[in-house]
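Asks: One-letter residues, chain by chain:
There are 2 protein chains.
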Amino acid sequence: MQAEEFRRHGHDLIDWVADYLQGVEAYPVLPDLQPGDVRRRLPAEPPREPEAMETILKDFRTLILPAVTHWNHPRFFAYFPANQSGPSILGELLSAALGVNAMVWQSCPAATELEEVVMDWLRRMIGLPESFRGVIQDTASTATIVALLCARERATDFATNEHGFYARTAAALRVYCSREAHSSVEKGLKAAGFGREHLVPIAVDNELALDPTDLAQKIAADREQGLTPCAVVATVGTTSSTALDPLVPIADLADRHRLWLHVDAALAGSAAILPEKRAMFDGLERADSFVFNPHKWLFTNFDCSAFFCRDPQTLVRTFAIDPEYLRTAFDSGATNLRDWGLALGRRFRALKLWFVLRSYGVEGLQARLREHLGLAQEFMQWVVADPQFELLAPVPLQTICFRHCPPEVAAAGAEALDRHNAALLQRVNATGQLFMTHTRLRERYCLRLSIGQTETRREHVVAAWRLIRDCAQAR
Amino acid sequence: MQAEEFRRHGHDLIDWVADYLQGVEAYPVLPDLQPGDVRRRLPAEPPREPEAMETILKDFRTLILPAVTHWNHPRFFAYFPANQSGPSILGELLSAALGVNAMVWQSCPAATELEEVVMDWLRRMIGLPESFRGVIQDTASTATIVALLCARERATDFATNEHGFYARTAAALRVYCSREAHSSVEKGLKAAGFGREHLVPIAVDNELALDPTDLAQKIAADREQGLTPCAVVATVGTTSSTALDPLVPIADLADRHRLWLHVDAALAGSAAILPEKRAMFDGLERADSFVFNPHKWLFTNFDCSAFFCRDPQTLVRTFAIDPEYLRTAFDSGATNLRDWGLALGRRFRALKLWFVLRSYGVEGLQARLREHLGLAQEFMQWVVADPQFELLAPVPLQTICFRHCPPEVAAAGAEALDRHNAALLQRVNATGQLFMTHTRLRERYCLRLSIGQTETRREHVVAAWRLIRDCAQAR
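Chains as they are written, first to last, in the numbering used here: chain A, 1 to 475; chain B, 1 to 475.
Think of the hints as simulated: they come from the structure by calculation, not from any bench. Here the structure is a predicted model, which is why all the values come from computation and not from measurement. We put the CB at the ideal spot given by N, CA and C, even for glycine. Check the hints yourself; a few may be wrong.
[What the hints assert, rightly or not] Footprint (simulated), chain A over chain B, 3 or more residues, beta carbon under 8 Å:
| no. | region |
| --- | --- |
| 1 | 3 to 15 |
| 2 | 105 to 113 |
| 3 | 178 to 191 |
| 4 | 263 to 272 |
| 5 | 343 to 352 |
| 6 | 407 to 420 |
| 7 | 427 to 441 |
Just need the whole structure built from these sequences, with the hints factored in.
Replies: If you want it as structure tokens, here you go:
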């Protein structure tokens with residue numbers, strides 16, 4: 001593609017993106033499709049000859065766009081936000097244009113050093129001590145595997161990297177997390193060779209937070225059996241209900257038993273930039289590692305997961321490789337981020353984060369988060385005030401777990417209520433007016449509204465509540 | 001950022017990118033900097049208040065750009081290409097704007113199905129049988145870990161996921177690869193808990209390709225000791241010299257001993273779209289998994305690594321998790337790509353690949369690769385024809401390994417030659433006129449010229465050869 005052609009299509013696309021972001025409310029949040037609907041409209045064979053960009057972009061608009069779930073939509077309340085912003089999209093554009101691979105310092109000094117700088121900005125914003133060093137990972141799942149591998153290596157004096165797990169039959173390494181922790185802990189444990197059965201689920205309290213008494217008992221029982229407690233994953237803001245594991249008593253136990261303490265605050269971590277929410281992170285300074293995702297709730301394009309480690313030496317020693325073809329004259333004085341995680345290649349992700357942090361400023365980011373938090377409190381109050389609905393978990397952040405609970409259905413038993421709410425969810429989402437998802441808490445099926453898209457305002461949350469009530473009544 | 005502000009800055013940036021791509025030759029390929037030079041010019045604290053996009057973009061141009069290694073430069077001959085193209089950058093822009101997370105089908109049907117379609121296009125283009133299914137991973141390093149985990153689970157009937165490695169003391173799993181294989185194999189083996197000592201290095205032949213006789217002997221020796229041969233990683237196009245491991249005899253051994261055969265052709269795989277190069281992939285159809293990177297040499301932005309698996313059931317069973325909050329009504333009929341690798345979240349990477357494949361067409365891609373291959377042959381002939389230089393490896397693809405070998409230095413011994421060539425590399429790169437890197441082959445220090453940037457033409461390769469010779473004579 002010649003420069004002038006790039007320029008022409010680039011300008012067209014910028015206008016399209018601006019219009020899209022401005023007009024995204026006009027789209028159904030969730031497309032009305034069945035699996036295979038997209039695939040069968042696309043040719044099975046790649047084209048032999050070049051096609052005009054005009055044709056490709058037309059197909060994008062007619063074949064792809066109608067099959068997109070609009071994560072940008074202000075009435076996207078599903079899963080978790082993957083919010084973003086104009087400055088972030090522009091940062092991604094520049095990063096794509098530069099196309100660097102920041103695997104070692106020399107392969108793009110700007111990418112490595114800007115990543116160090118913006119990660120240190122984030123560290124200051126969330127109040128982590130200076131001893132923590134940050135690095136961008138693609139997702140919190142990957143960050144959790146990285147943390148588990150560091151834990152494994154520290155616990156075995158780096159012998160597992162060298163010899164594998166084979167010699168440890170009698171003293172299996174044990175990892176603890178609450179029953180509400182994210183599925184990535186299980187996935188990471190399997191991948192790292194611990195084995196799923198060595199993930200010890202810890203009971204939760206009334207607020208769905210990890211119960212430190214049960215943790216203490218489980219550790220003691222393992223020790224008695226000759227097993228080796230290795231790591232604990234605490235969650236600040238669980239995926240289902242944003243429950244808050246208590247970090248101080250968990251850190252006490254981690255200290256006493258020399259466990260690696262990894263804190264997963266994938267969504268909630270952004271709230272640490274708010275002084276009034278800092279209390280939920282008390283004890284975080286005693287963690288060994290910490291992850292939160294600016295690509296969830298800090299207006300930065302997916303993917304951008306901020307991983308902090310208190311002992312970067314352990315991290316680097318766990319992942320370092322040193323092939324001749326990657327050696328440079330700067331290996332002693334410079335940071336080579338290839339050794340800070342699993343993948344060798346690295347995109348220039350710091351650029352979009354730098355654009356966002358500067359464009360919003362810390363106060364601008366705080367203001368948007370406070371607005372989302374306030375809307376969640378309002379929605380919660382509507383749920384509590386309506387006798388037909390039931391709140392199913394505390395709302396410390398921006399996610400509300402609730403259900404429709406009319407007396408005549410409740411009288412038919414727990415399963416009837418579950419079915420009733422599953423059907424309600426389907427009716428709500430089928431309108432295309434909003435998209436929300438579900439979970440289960442204490443065996444009960446819950447509707448789950450997660451507030452945090454960049455342009456979500458009070459009117460969108462009001463509309464959501466109205467729609468949910470209308471659909472509930474129209475059953 | 002308001003839509004109009006996005007529009008204005010977006011148009012400015014498109015013009016900047018078009019100018020940059022057109023004028024990239026004016027930049028030094030490698031910046032002349034020391035570690036810390038970028039960091040110390042940036043503030044230690046994030047801004048409290050919003051900053052104007054104009055200020056941020058000015059800082060991008062004055063602080064960041066001068067510290068960028070220009071992977072787009074037509075005289076970038078280092079490492080491997082991470083080439084790209086206008087259509088790919090436009091695809092990334094759209095993908096950033098949509099900001100979807102394609103973790104499950106429902107979270108963006110278009111992203112999941114377009115990925116299935118374009119990966120199937122790639123499969124046809126490289127001549128893999130229909131039984132292979134493709135998925136995009138971030139990097140070949142990650143794809144290799146994924147393959148090793150599949151191998152581990154198949155070999156242990158999925159018991160390692162469940163119980164860990166603990167029970168296998170007497171029958172450690174063994175993995176084989178040539179001494180020239182990529183460092184990611186070692187990294188993956190460590191991460192997956194096999195242990196580095198269970199990676200068995202296989203000897204290479206005169207052309208630096210894996211020696212199947214040695215592989216057979218190593219497998220037999222392991223069996224005799226009661227160890228469990230588990231997987232072999234064959235490389236088509238090694239990182240150092242693009243050596244070609246012979247797939248047919250390796251596949252024979254893999255069959256006989258029921259090893260998982262993973263083929264790593266991160267760079268070279270693109271050449272499989274050329275009928276005249278297909279012979280180097282003979283036997284690939286017998287692999288269990290295969291990876292190559294369109295982000296290396298197929299004009300698609302980093303990251304985009306194409307991973308193919310012959311038995312997707314094993315892949316999915318290795319990685320599947322099933323938390324309530326990710327269940328949807330479509331889980332039986334649809335592909336949920338979250339279960340096809342380590343990370344849960346996934347970007348919409350198929351879009352840029354679709355743009356590239358259609359915009360170039362298969363014939364357009366073939367033409368560009370053939371031009372690069374031809375240039376490499378020419379450069380090789382210049383090296384061979386010059387008595388002052390020595391070719392150090394065959395050139396089946398686009399990488400030339402060579403050294404300057406003047407008689408008076410050669411007379412001083414092998415170490416003197418190594419030092420001489422290391423100094424020459426430094427002199428060449430210090431000009432900013434080109435960037436190349438080095439490796440070691442059979443203990444000898446080699447200069448390494450890797451041809452494959454999108455805009456690299458004959459004139460750039462001619463200029464490179466002239467500069468290298470000038471720097472060699474000016475010592």
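Asks: So is the region 105 to 113 of chain B in contact with chain A by the C-beta rule, three or more residues under 8 Å, or is the coverage claim wrong?
Replies: holds (count 8)
Asks: Residue count check for the region 343 to 352 of chain B against chain A: does it reach three with CB-CB under 8 Å?
Replies: Held - the region 343 to 352 of chain B has 5 residues with a Cβ nearer than 8 Å to chain A, which meets the minimum of three.
Asks: Within the assertion that chain A covers the region 427 to 441 of chain B, do at least three residues meet a Cβ-to-Cβ distance smaller than 8 Å?
Replies: holds (count 4)
Asks: Go check the region 3 to 15 of chain B versus chain A for me, would you? Three or more residues, Cβ under 8 Å, otherwise it fails.
Replies: With 11 residues close enough to chain A, the hint holds.
Asks: Confirm or reject the coverage of the region 178 to 191 of chain B by chain A under the rule of 3 or more residues with a beta carbon closer than 8 Å to the chain's beta carbons.
Replies: Coverage by chain A holds here, the residue count being 7 at a Cβ distance below 8 Å.
Asks: Examine the region 263 to 272 of chain B: at least three residues should have C-beta closer than 8 Å to a C-beta of chain A.
Replies: violated (count 0)
Asks: How about the region 407 to 420 of chain B: do at least three of its residues have a C-beta closer than 8 Å to a C-beta of chain A?
Replies: violated (count 0)
Hint violations for this structure: numbers 4 and 6, all remaining hints satisfied.
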